[in-house]
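Take the given structure of chain A and dock chain B to it, following the hints.
Protein chains in written order, with our numbering: chain A, -1 to 265; chain B, 257 to 597.
To be clear, the hints were calculated from the coordinates, so they are not data collected in a lab. Be careful, since some hints might not be right.
[As the list claims (entries may be wrong)] Chain A is faced by these chain B residues, among others (derived, beta-carbon under 7 Å):
hint, residue
1, L338
2, A344
3, M357
4, L361
[As the list claims (entries may be wrong)] The calculated label-pair distances, taken between Cβ atoms and stated as ranges, are:
hint, chain 1, residue 1, chain 2, residue 2, range
5, A, T110, B, E384, 49 to 59 Å
6, A, F193, B, G422, 13 to 23 Å
7, A, S257, B, D424, 35 to 45 Å
Where a beta carbon is used, it is the ideal one built from N, C-alpha and C, also for glycine.
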Amino acid sequence: MITAAAPAPQRAPASVLTSTGTITARNLRRLTRVPTLIALATIQPVLLVLLFTYAFGGAVHVPGMSRYIDYLLPGIVVLAIGFGASQTGVAIAEDLASGMIDRFRSLPITGTAVLAGRVAADAVRNLGVVVLMAGAGSAIGFRFHAGPGAALTAAALAVAVGTVFSWLNMLLGLLVRNPEAAGLAGLFPIIILTFTSSTLVPVATMPGWLQAFARANPVTAMAGALRALCLGGPTARPVIETLAWLAGILAVTIPAAISRYRHATTA
Amino acid sequence: MRDAAVAAERLTKRFAGVTALDDVTFELPAGGVLGLLGPNGAGKTTAVRILATLLAPDSGQARVAGLDVVAQAASVRRLIGLSGQYAAVDPFLTGRENLVMIGRLHGLGRRAAHCRASELLDRLGLIEAADRQARTYSGGMRRRLDVAAGLVAAPLVLFLDEPATGLDPEGRLALWQLLGELTAQGTTLLLTTQYLEEADRLATSIVVLGHGRLIASGTPSQIKARSGGDRLEVTVPPGDDPGPVARALAGLGAGPSVVDGVTGRVVVPVADGPAILSELAARLAASNVRVAEVALRQPTMEEAFLALTHQPGPGTALPEPAGNRPAGSPGGAGQAKRRSP
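With the rest of the complex left out, here is chain A:
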């Protein structure tokens, strides 16, 4: 027999921490079980490192740097994390389409927990991606030149950048509501911003009009900060600039995503 009659309607609802943790665990489980997600988190980042190093690396000469991989890796991490973050938008749109969000919204938990649980799981994935890329890079000659403290700070900053991209894609996913469209909408900005930044080539090699844009591009700041932390050199300015960008984007995307979530429904 099922005990159906409500035994404890006065039961305290789950805390925000518990509910966020529960949703995070659900998303991490999916990450290890959905083949496309596994591939996106493992094969794609390694492929990016190898492709850009070997297909591109011979043609790019960065002044004052003997190996392109040293220049490339901190930047390509931003690109890989940006690509990966589009999955945050795809996933939330899929949850909307499949009815998971309806299930969550019928439960006594906040929308913040559902969204934060998504972003937290993606942050864990991003940490894995960063470690994997550092490993792949090291195998083909990349070295941290500024010591372990700076290297760890770089990893943390990379994960922070990923988290901010995730919130941005979360908002996109909630706005477009269609998984395929969310994927495309998430990829476009990152492709445009990456290729018009210092991620892959030094800004000085670009035509003048593009240099102005590239210098104002937040991805230039992010790649610059990671590069400084990995290779040495003045870190304060690019790191502060990056953190300012991150804080600014979060200040807009988190409230907008939460508000959007409240109104987003499947039907």
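Relative to the frame of chain A, chain B by itself:
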């Protein structure tokens, strides 16, 4: 209104120019089972979504256990369970993981959530598949997991949106039995269905919706009586003209018969099906017509809907006809020839 487990008062909801719900009022006492009945697009799902706090009405008010579903949504969510078309389970989690997750989100401790999951998996016959991912489940297993998900918090009110859709007859019977047990223990149930038979089987009261409007409400027998009772269906062999059969049956039914020349079928609404079978046999024998098949069945949703839209407005309960199906006998009278629509 205060005592009702679920109360909808003048609910109206529009989507981009389409009125999904138009001034709909009904209520369901605690421990009751309400069947929201209607064809596709009638507004059933919209009503459930409003009552389950997923959607705010444009106007009107809805309450669950006296709590407003908009202003007190968080409190309402602690009292309800939702299962159905759209409230999903995660296909990449196992059955057990799905239920534990929902238990944790309801505020159960880790151990309590595992216990509750095991209890429900066992009761719903899913214990052997408990540790398989839900995407490997059959449609029936998936639906049972979905019902289990709605039951995790032992809700005061369980909303079931088209619970039997996609189930085979056996699965449907098992589900109905389970829902019967739940109501016997005091759970208030609100379910939507397209099938009069299902509403009749489970519900203590029925609300019929069509194009967002309340068309009729009452007990199952009142609704059935107002939809013209059972249907007698006589089919002639292929190629024969059903006309003579229609003439032989004239005046036998409770309303005008419908003759379909293509299928060779004559459909007659009858208030008391089993009682007229002997009269039917006599008339068919006397008129010397050939008959391929005779069947007695409940009206289809379309027939009931058509009949109800020609009835006086809601609130006019008609007297229950004599000879209706005895309460508590599942198949009811006329079972031998009864077919589902």
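Each hint, compared with the structure:
At a threshold of 7 Å, the smallest CB-CB gap from B/L338 to chain A is about 4 Å, leaving the interface hint in force. Annotation: interface hint on B/A344 holds; nearest CB of chain A at approximately 4 Å, less than 7 Å. Annotation: B/M357 was flagged as interfacial toward chain A, and the flag holds, the nearest CB pair being 5 Å apart, inside 7 Å. The beta carbon of B/L361 comes within 5 Å of a beta carbon in chain A, closer than 7 Å, and the hint placing it at the interface holds.
Separation of A/T110 from B/E384 is about 37 Å and departs from the stated range, judged on CB atoms against 49 to 59 Å. Here the CB-CB span from A/F193 to B/G422 is close to 48 Å, at odds with the stated 13 to 23 Å. Remark: the range hint 35 to 45 Å for A/S257 to B/D424 is upheld by a beta-carbon distance near 43 Å.
The structure does not agree with the numbered hints 5, 6 stated previously, though it agrees with the rest.
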